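Chains U and H, in that order, give the protein sequences. The first sequence stops at residue 177 when you use the working numbering, and every number in between is there. The second sequence stops at residue 1196 when you use the working numbering, and every number in between is there.
One thing to keep in mind: the hints can contain errors.
Said to hold, decoys possible - From chain U, some residues computed to sit far from chain H (all C-beta separations above 10 Å):
| no. | residue |
| --- | --- |
| 1 | 8 |
| 2 | 16 |
| 3 | 23 |
| 4 | 24 |
| 5 | 50 |
| 6 | 53 |
| 7 | 105 |
| 8 | 107 |
| 9 | 119 |
| 10 | 120 |
| 11 | 143 |
| 12 | 164 |
| 13 | 169 |
| 14 | 173 |
To be verified - Think about it this way: if two alpha-carbon atoms lie no more than 27 Å apart in a straight line, the pair counts; the simulated DSS-like pairs of lysine-lysine are:
| no. | chain 1 | residue 1 | chain 2 | residue 2 |
| --- | --- | --- | --- | --- |
| 15 | H | 1110 | U | 110 |
| 16 | H | 1025 | U | 78 |
| 17 | H | 1119 | U | 78 |
| 18 | U | 78 | U | 110 |
| 19 | H | 1176 | U | 78 |
| 20 | U | 17 | H | 1119 |
| 21 | H | 1180 | U | 17 |
| 22 | H | 1185 | H | 1038 |
| 23 | H | 1176 | U | 110 |
| 24 | H | 1025 | H | 1119 |
| 25 | H | 1110 | H | 1180 |
| 26 | U | 162 | H | 1110 |
| 27 | H | 1110 | H | 1025 |
| 28 | H | 1180 | U | 110 |
Please keep in mind that the hints were generated in silico from the structure rather than gathered at the bench. Computed from a predicted structure; not experimentally measured. Every residue gets a Cβ at the ideal spot worked out from N, C-alpha and C, and that includes glycine.
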Amino acid sequence: MGAERSYRECYVALLEKYEPALRRLCHSYCEGHAESEDLFQEIALALWTALARFRGECSERTWLYRIAHNIALTFAAKARRRVERERPVRGETDLPSGGDTESRVAEVQKQQMLQRLVRELPFEDRRLVLLYLEGLSTAEIEAVTGLTRSNVTVRLSRIRQKLADQLQNAKARTVRS
Amino acid sequence: MSTSLERNDELYRLWQRLEPPSSDKEVRGIMELVERRKREFERIIYWRNVREYAACIIVAVTFAVFAWNARTPLQQIGHSIVSLSALWITGFLWLMQRSRQAPLPESSGKAYEEALLVKYERQILLTRTAWAWYVLPLTIGLLISSLGADHATVLGLAMTGFMLAAGAGIALLNWKASAKLAAEKRELEQLLGRAK
């Protein structure tokens, strides 16, 4: 009974700690809110099962991101024709209003643009850039993906450059219009 | 070559300031949902196994009794084949389940991708060949026992017809499942940039 409670507490603490990052990740792999929620539940389920096997061979963060991205891959392969248009995800369409400054509105627009650009990337590139954007080190990205460190660095550099250019172009187009 | 990552770019700053999408559920609610789903999944698997083993025992015992009481040697052989086929199918499925190595999600990305592709290949092979290891032995047994009957009754013919139709149905369902799995595997390969 005590062990079961401890397992649950451990799980809740883990989920609370990483929930924002996991939700951003799900949203980067899915088009709509319901699909994103489904993926989040799949990841939560996988974490629940895998927690019993966690022996600390790698860091908690590496372990968690491995599970999240691997489940996202399985989910994406199964859900290829699933299109969901129930409701927009909050934070993507809700622009700040009222007392918010213009610069904050501009930043939110850029964030939305970035999210869209990330979602349009091929799976492997998306995985790499998401790990980078969530703040994982090269060694951690290497451990999550199984790619070599130099491969991670070279590919990330190319993807970041591409995203930065696309973001710049999109910004320029917005200003012109 | 430097392998460190500088994080002073605009992309990183924008992402870090990004508010996560909201959700209606709290973490404890998610945990309860996850526990419920896991219990439901385990219950489904348990009852599926019970059904499979029960069906195997019923078919194996019934046809063993038929074989014991058969009036002709051909009928005896046919019934024995059906009885042994039921044991073979259940044993084969049990062995396949035992030797299956499900990809662990905590593996590294590359290892998980490889394991996932192997899993798909294995499932596709099993479903695609179900007609041979599942349907064929039962069908052969039933046909032999029908041929060995000393007089064909309407009920006997109807039973044979029904079993053959059921076998064809099972083969068709497996073939459809195989096509679905193959489509998922193709999608996975496309996602990973490995599509041929």
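Hint check results:
Separation of residue 8 of chain U from chain H is inadequate, the least Cβ-Cβ distance of about 7 Å not exceeding the 10 Å criterion. At roughly 5 Å from the closest C-beta of chain H, the C-beta of residue 16 of chain U falls inside 10 Å, breaking its exclusion from the interface. Non-interface call for residue 23 of chain U relative to chain H: violated, since the shortest CB-CB distance, roughly 4 Å, does not exceed 10 Å. A Cβ of chain H approaches the Cβ of residue 24 of chain U within 10 Å, the least distance being about 5 Å, so the stated non-interface status is violated.
The non-interface label for residue 50 of chain U is inconsistent with chain H: the shortest C-beta to C-beta separation is roughly 5 Å, within 10 Å. With a least beta-carbon separation of about 7 Å from chain H, residue 53 of chain U fails to lie farther than 10 Å from that chain, contradicting its non-interface assignment. The beta carbon of residue 105 of chain U sits about 13 Å from the closest Cβ of chain H, which is more than 10 Å, so the claim that it is off the interface holds. Non-interface status of residue 107 of chain U relative to chain H is broken: a Cβ of that chain comes within 10 Å, the nearest being about 7 Å off.
Even its closest Cβ contact with chain H, about 13 Å, leaves residue 119 of chain U beyond 10 Å, as expected for a residue assigned away from the interface. The beta carbon of residue 120 of chain U is kept farther than 10 Å from every beta carbon of chain H, the shortest such distance being approximately 14 Å. Remark: the non-interface label on residue 143 of chain U conflicts with the geometry, its nearest Cβ contact in chain H lying 7 Å away (cut-off 10 Å). The beta carbon of residue 164 of chain U is not kept farther than 10 Å from every beta carbon of chain H, the shortest such distance being approximately 6 Å.
Look at residue 169 of chain U: its CB is around 14 Å from the nearest CB on chain H, clear of 10 Å, so calling it non-interface holds up. With a cut of 10 Å on Cβ distances, residue 173 of chain U stays outside the contact zone with chain H, its closest approach being about 17 Å. Straight-line distance between C-alpha atoms of residue 1110 of chain H and residue 110 of chain U comes to about 32 Å, which puts the hinted pair past the 27 Å bound. Taking the CA atoms of residue 1025 of chain H and residue 78 of chain U, the gap is about 24 Å. The hint holds against a cut of 27 Å.
For the hint linking residue 1119 of chain H to residue 78 of chain U, the alpha-carbon distance of about 14 Å falls within 27 Å, and the restraint holds. The suggested pairing of residue 78 of chain U with residue 110 of chain U is violated, with an alpha-carbon distance near 31 Å, which exceeds 27 Å. Distance check on the hinted pair: residue 1176 of chain H and residue 78 of chain U sit about 16 Å apart at the alpha-carbon level, within 27 Å; holds. Taking the CA atoms of residue 17 of chain U and residue 1119 of chain H, the gap is near 32 Å; set against the 27 Å cutoff, the hint is violated.
For the proposed pair residue 1180 of chain H and residue 17 of chain U, the alpha carbon gap of about 37 Å is over 27 Å, so the pair is violated. Annotation: proposed proximity of residue 1185 of chain H to residue 1038 of chain H holds, straight-line Cα distance about 25 Å (limit 27 Å). For the proposed pair residue 1176 of chain H and residue 110 of chain U, the alpha carbon gap of about 45 Å is over 27 Å, so the pair is violated. Distance check on the hinted pair: residue 1025 of chain H and residue 1119 of chain H sit about 33 Å apart at the alpha-carbon level, beyond 27 Å; violated.
The suggested pairing of residue 1110 of chain H with residue 1180 of chain H holds, with an alpha-carbon distance near 24 Å, which does not exceed 27 Å. At most 27 Å may separate the alpha-carbon atoms for a hinted pair to count; residue 162 of chain U and residue 1110 of chain H meet this at roughly 24 Å. For the hint linking residue 1110 of chain H to residue 1025 of chain H, the alpha-carbon distance of about 33 Å lies beyond 27 Å, and the restraint is violated. Between residue 1180 of chain H and residue 110 of chain U the CA atoms are separated by roughly 39 Å; this puts the pair beyond 27 Å, and the hint is violated.
In summary, the structure is inconsistent with hints 1, 2, 3, 4, 5, 6, 8, 11, 12, 15, 18, 20, 21, 23, 24, 27 and 28 from the numbered list given earlier, while agreeing with the others.
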